[in-house]
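**Student:** Protein chains in written order, with this note's numbering: chain B, 3 to 368; chain Z, 133 to 449; chain S, 9 to 434; chain F, 1322 to 1675; chain X, 1322 to 1675.
No lab work stands behind these hints: they were computed from the structure.
Please note that a few of the clues may not be correct.
[To be verified] Okay, derived cross-link-like pairs now, DSS-like style, lysine-lysine, Cα gap no bigger than 25 Å in a straight line: (1) X/K1424 x Z/K149; (2) Z/K386 x S/K61; (3) S/K101 x S/K13.
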Amino acid sequence: MAAQAIPMASTAASEPTVDWDALATRARLARRTKATVLYAFLIAVSLPIILPYFWLVTIAFSAKTGVAETAVLWRSMAVVVPAVIAFWLSAALAQSRRQLWIGIATVAAIAVIAFGLLVGPHLHLGNFIFLWEPDFASVVRSRVGEVKGAVQFPNVWHAFGNSILIAGTQTVIVVTVASLAAYYLSRFQFPGRSSMLRSLLVLHAFPVLTLIVPMFLMLYWIGLLDTLSGVILVLVAFELPFAIFIMKGFFDAVPWDIEMSALTDGASRRQAFVSVVLPQVRNGILAIAVFTFIRGWEEYIFVFTFLIRNSNWTMSLYMYWVRDDVMGVDYGVVSAVGVFYLVPSLILYMAAQRYLMQMSIGGVKG
Amino acid sequence: MTTIVDELRVERRGHAKSVARRRTNFVLFLGPAIVLTVIFFIVPVVIDIAVSFTDLSRSLRITEFTTEQYEKVFRTDRRLSQVIGLTFIYVFGTLAIFNVTFGLILAITTTAIRNTSGSFFRAVWLLPRMSPSVLYILLWLWAVSPTEAGLVNQVLMRGFGLDAPLDLLTSAPIALIIISNGFIGASMGMIIFTAAIRGIPEHLFHAASVDGAGTFAIIRFITLPALRWPISFVTIYQTLSLLVSFEYILLLTKGGPFYDTTVYALYVYRRAFESGQYAYGAALALFLIVIGVVVALIGWRFFDMERLLQRPRIEVH
Amino acid sequence: QETVKLELWSRQDPSGPLRPGNVVKAAERLNKELEAEGSPKRVEVVVRESPAKGFDDDALQLLKVFGVGEGPDMFIAAHEWICAFQEDGFALKLDDYIAKYPQHFGTIFPSLWSSAKCPDGTYAIPQDAEARMFFYNKKLLREAGYDAAFVDSMPERTLSGDLTMDEVLDIAKKVVDKTKAQYGVLHRPNKGPDYIMVFNAYGNEFVDPQSGKLLLERDKLAAAFGWFERGVKNGVIPANNTAMEFDALRKEFYSGNAAFWMYGIWDLGSVAFPTYGLPQDERAFFADWGWIAGPAPKKGGSPVSLTHPIVYVIAADTKEPELTVRLLGHASAADLNTDHAVTTTHLGIKPEQLEDPRYAKAWPLARATELLKITKFLPNNAQFGDLNGIIYAGMQGIESGRLSAQQAADFVIEEASSTLEDVIVK
Amino acid sequence: MAKIEFRNVVKRFGTVEVIPDMNLVIEDGEFVALLGPSGCGKSTSLFMLAGIYLPSGGELLFDGHVVNEVEARDRNVGIVFQSYALYPHMSARDNILFPLRFKKRSRDQALARVKATAELVRVEELLDRRPSELSGGQQQRVALARALVKEPQLLLLDEPLSNLDASLRLSMRTEIKSLQEQLGVTTVLVTHDQIEATTMADRIICMRAGQIEQVGTPDDLYLRPSSLFVAGFIGSPPINLVAGEAAGGTVTVGGAIFPVEGASGSLTIGLRPEHLRFAETGFAGRIAQIEPMGREILYVVETGMGAIRVLEQGSSVAHSTGEQVNIDFHPENSLVFDTQRQKLITGAHVRAPD
Amino acid sequence: MAKIEFRNVVKRFGTVEVIPDMNLVIEDGEFVALLGPSGCGKSTSLFMLAGIYLPSGGELLFDGHVVNEVEARDRNVGIVFQSYALYPHMSARDNILFPLRFKKRSRDQALARVKATAELVRVEELLDRRPSELSGGQQQRVALARALVKEPQLLLLDEPLSNLDASLRLSMRTEIKSLQEQLGVTTVLVTHDQIEATTMADRIICMRAGQIEQVGTPDDLYLRPSSLFVAGFIGSPPINLVAGEAAGGTVTVGGAIFPVEGASGSLTIGLRPEHLRFAETGFAGRIAQIEPMGREILYVVETGMGAIRVLEQGSSVAHSTGEQVNIDFHPENSLVFDTQRQKLITGAHVRAPD
Ligand SMILES: Nc1ncnc2c1ncn2[C@@H]1O[C@H](COP(=O)(O)OP(=O)(O)OP(=O)(O)O)[C@@H](O)[C@H]1O
Ligand SMILES: Nc1ncnc2c1ncn2[C@@H]1O[C@H](COP(=O)(O)OP(=O)(O)OP(=O)(O)O)[C@@H](O)[C@H]1O
Ligand SMILES: [Mg+2]
Ligand SMILES: [Mg+2]
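If we strip away everything but chain B, and leave its shape as in the complex, we get (with noise of 0.2 Å):
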């Protein structure tokens, strides 16, 4: 190191004592000050969205009357908040392993009798007689008079299979199609790729529902209006670009030295993709599972358009159904059937949600 003079010793005498413990103190403050605003902001922020869906359930399991009523959510919050707050405190306050689990426990015991004795006498599971009498509406409505011969009431099993054939089949082609283009895309060269890419994102910017007439029309040139297989591939058109998109960045994540380790193992390139490379995207491919898996179960307008012989119930039109209103609705029975519509969506969420967060897009940072 060159000789040099040292601009440093001129100041670092003149520094100033410092008071560790007024620091400390300020430090102590300003944590407890961050931790406190960051949790009120998100719990803030939370409920609106928490909330809703709260009443949704407590109506489906506690509405009589048919009209949507609040009485059972507030005296569900009432247990359910305290509940909240103090199993964070003795989270929080607890010093062992021990004194965290008698905590929870007695939180949790005290929570359950409350509950129980607050709400539980207005639980009931009537709202969900659409589960085992598919007829339930004449049967609610059998106060005007028996309906007799009513050919039409669509049966709740019935739209839950057809709404799960069509996400499901829909999910394992999108998942199968992207995942092999995006792969392509991500790992060759061929001339093209740009465009390539360039052309999922415009798709992007076509707005599909103002295509159904043109697509209605190429549904039956093809022959495939009034078929299931019809309305899946269309929607499986319409996922593709996204799908790609994402796992296109979970391709480039993978790093190339173990698929050229894989070539050199004596793997050809397709060989390799399945055994080395597919594995490595595994939450790239649950990600878009389960967001294909809703777009699918969602699904209604299409439903609609394209088929008009078969008996094309799907949850979505159930759920309209039972909403239509000319007639009066039950909000009781509304509720239970938008809660048993929403627990597969959930059920794939909850086992996902870890998956989901690792979306990124492109594999590019910064």
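Given the coordinates of chain B, work out where chains Z, S, F and X with the ligands should sit on it, guided by the hints.
**Tutor:** Only chains Z, S, F and X with the ligands this time, still in chain B's reference frame:
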């Protein structure tokens, strides 16, 4: 032990084989995606363009080829300018308030607290996206019901002493569609920004705090610069999403009251599907497609999306 | 034996499960008849269930389906749509068949047949009818200071043209001012037929009798919109009426928070009795509740009511038009139709039904049948559905304070002229 | 500058106790190295000093004041990371300027300081470049400048050299060392490379699984390792360790018998390869492998007590594989450990058998 | 095994020519090292051998056959990466088994081979673990087993040791070397660490910016570097290079005048630190810095021609900073380069002035 190059044959036929393999791989990997997209996506767009030059009506009959639809779009449709203005407010409002800003705030705050708590709050915010749209909007309708039974009104009246119930659907419809879309839109940004924040080397945060930066300085100097690209991406991608989708608005307000929440894409839908003027709808849609494509291409340029393409490091097919 | 499958397109409509249901039952009767005739044919009805929300969506979907040649043999539609099918040649002209089967069709109320006609003939078979009216809460009116005699005489006064539209607003205003009730007049929160009654009252017919084309008369439109405008200004019609949930509106009326509720007779059977516990006994009901027809615009004018028949239509290209007609003839049998009428509180289509004890027991039907005398229909014009959408938007414009009555009329005319074809403006 | 003290410092991550109980004093102006294998808690200790981690127990003192809770930004500490951790979107200048932004100082003053510091580490020419446009060594210097620019009381270096290539590592070693001497700043270097530690530090703190094994000068650790662990960890090629049983003044190892002084029982004998030499007498073996290492040659000799590494100076190979040799050493260079306790038995030595 | 030949091989990425013209023969069974600074095209050359990159021009021959277009999987090549590149979702066993999946071989036979190979690299105990459950060195061994299991004709090693810590690096070095000798497989090692190259390889190919600077044994490169680049790149501490002007049998460098043989004009003189020694005579200087490096001590001496590094054997410092010393060297150890052409002038030497 096998010889290093199995056969001389391999050597001679190597080139021909590699070209063939290149082709098969292209077909195998991209083929399905291209076929599906072309048949079920591109072809309909082309049909749509063709339809816009006809008088296709609700019974799918064409009696003449005409440019009359375009005359309508540009001459007689006076509502269009208002609709475009509204679309602008809606797209940028949602984008600026929720999809980017709030998504960013959520990502930053949920990554700043303990991971388990953070994922809980993120999970809550993903819930709307995971709910079927019909159901999600049903909850909204119940929540903003203008009577005292509405959840919002209950909270405001009981909790905050509001006198008369608010009627958000009539008095603030635009805000409502922005918020209801934003609750869903924010989660996309939240996910992508969270992943990006997690991708920032932890040492950078450590270095900055040792260097004297406080919370906000760290966000300003470390987090935000690292998120520049994801923010660009979310901006352009969600601009396009918002531009062309209207499902939630349709379910929530049907475009009303009056035309107050009829954004362009919904306008196309109302024109074409509520009254079966398919040809006119096609002409209107085409206009939207052009706008969308232009925005997409500008975005591509502006945000340097080309960076998404790393050069493949394996050259063989 | 040869089984003829006949497809029936029907919307999934909880308000009328027997519309297709009766056709299914009719097949049995027809088959017996065929057996008796010695015909080898037997009929089987296949119901195609359309999940459309509302008759307008359903009709548009069906038009597309016909457009690609996948149509059914017969379908159920709202009457105002039939000419759309007729114009494109999808509907079978029925005049000759109707004449041929008087045993099935001879007694159907002649007034209902007019709802089944397009300019060049009859294209549908009426399936039901109802009456739209202003329900009112007598208790509230009495609380507001009207004596019982006044309150009870309102229906007659309306029918005689003595009670006017504006008097309704005045009464409602008084109720709002003098009682705890919050609302004066409520109407449906979506596009539909009832409020057209108000337009009819102010003389809007919407169709040119000569040409059958849509007709818009600026002054009459403005007059009708004016009623809404005054209602909103007086605080009688809530500004957010169109933003409220259907059920919320009902709740406000049936729980005593509104003076008038503009809707249809079936609401009693499907909601008022079961959900809100209004008295099911006729006398008990009329003690506190009642209904009036749409009043005249000014004293001495004519009151109106509106009915919105649902009809059976036969496809022009059905292979078995004869059988289909006979099938629908059986489906229109008085007893089957009464099943539909009494379970869903719709009006019957034949005078025989009035004799049916079940019908008489369902007193709302019997009482509402009076209104058929003054009832009007929506015009049977293929574009009326669109026009109604524009009118509804105009109402939203007025109620939310964006438009004045005159502006609303202008808006409707401008919008209709630019998006609809062949609109006559006066 | 600062005197640093760990008093019974504990660090837990969740339920995992990474540092059970740490006690250590670092004098003002001293250059110490934290040396230990991967995962032993070196970085954790360093991050506690920096204020990035909060101690879970005990007290951390700067100049006698407890600073456990003081925020990183208030500690006036400079840190250089293994990955450099330069802010990728800022130029080198802005990187170095960054710590000064948070001090009350005029921009001109700050820029002058940046310039002076950049000259100190010789990156004044590179100030406009982004980190991605700098080579590893240049990035390292910029990182050093950033750590030094605010005149820290304490300089922390977390494996600063491990990402550099061999020759660069050598020169940066020298530079950092002389800079530290010049500035006199208390410095803690974390490394798992013993050569780095021995060449740079005044004192070495040898850690193992969160615990301090030995603290001392490089010579202390090399010549008088207090435990088998330290003996094995320090020295390259590694020390030869052979186990034997001592009784009555001799220790029996494999076939060989060594006279031993001052110890008995189960012993482990440590012989550094460079302290062994081929000689006429000594214990016998056969050369199994020869490895030229530039200016030294490593012989692996098969003996009765296993493979023994012998390091000879010079670059010309004087022996050949398979050759029978005798190995000799100075008794004072031998180390004797209690096998049970894994500790050095001070004063005990063995001699090569004749 | 295979003889490898590069004939005028060119590699371009887009418009960037990374390797302009490469000619090289690697004999059957040879162990060569590709040595050069980062970015000089070492990995690129290796990947062409593996069949991952396609040469843009020229011919690549295996045993005399052009393999330019032969697929990677037909080449029977084993490769080990710096990152190990183990398949994270497979156990060590499955990783090693992987290459055998693509050969026609019964599963039992394959598993037997896996076992044999695992024993060879001593990971037989670890076969059921996932890569994430293995330490760096263990991962390295599994990677090696995977590369070896199919009995490759050619083994490619891309900086295989650079992620290991110092002592592990040392032992893996020995292991790989002896494995290679045992198996006799032609091996190409890519490294930027000269010590790795010199200790492991039979021949070193020194590259710079896509071009081969020198090919030779470690001694060749060390003692007779053909260019300034090679001289500077090889040797640690680095060679002392001083520029001077030669005329009439002497070369003038700074203040000093050296007698020179066989060269004139602008010269650069290379003196390795370990070839210099303190003596009574020789050129004079003052010790500026002393750096103990374990068994050697590095002195930095300020002389008329700049700072000169002198390396002395031994661990005890015999001089002190500021001391005036004279430096001497053997003439045959001096290197003389043509400054213009950057090339060695063979046969030219300088002597220390008296
Ligand atoms: N944030 C953390 N959460 C949980 N465990 C941690 C965390 N940081 C470190 N550890 C654990 O603490 C132990 C010590 O880690 P530390 O990083 O201090 O080791 P180190 O000595 O610096 O090792 P290296 O040389 O690999 O950097 C390791 O076992 C590590 O797994
Ligand atoms: N796929 C590629 N596309 C474009 N340029 C590349 C590509 N791969 C390598 N290069 C460039 O070619 C040059 C040589 O790269 P290579 O990886 O062979 O270097 P290297 O000698 O292995 O370096 P290192 O020691 O850093 O691994 C570098 O300048 C690099 O930027
Ligand atoms: Mg560390
Ligand atoms: Mg490389």
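**Student:** So, for every hint listed, does it hold in this structure?
**Tutor:** How the hints compare with the structure:
{"no.": "1", "hint": "X/K1424 x Z/K149", "verdict": "holds, 20 Å"}
{"no.": "2", "hint": "Z/K386 x S/K61", "verdict": "holds, 13 Å"}
{"no.": "3", "hint": "S/K101 x S/K13", "verdict": "holds, 21 Å"}
Going down the numbered hints, you'll see the structure goes against none, and every one checks out.
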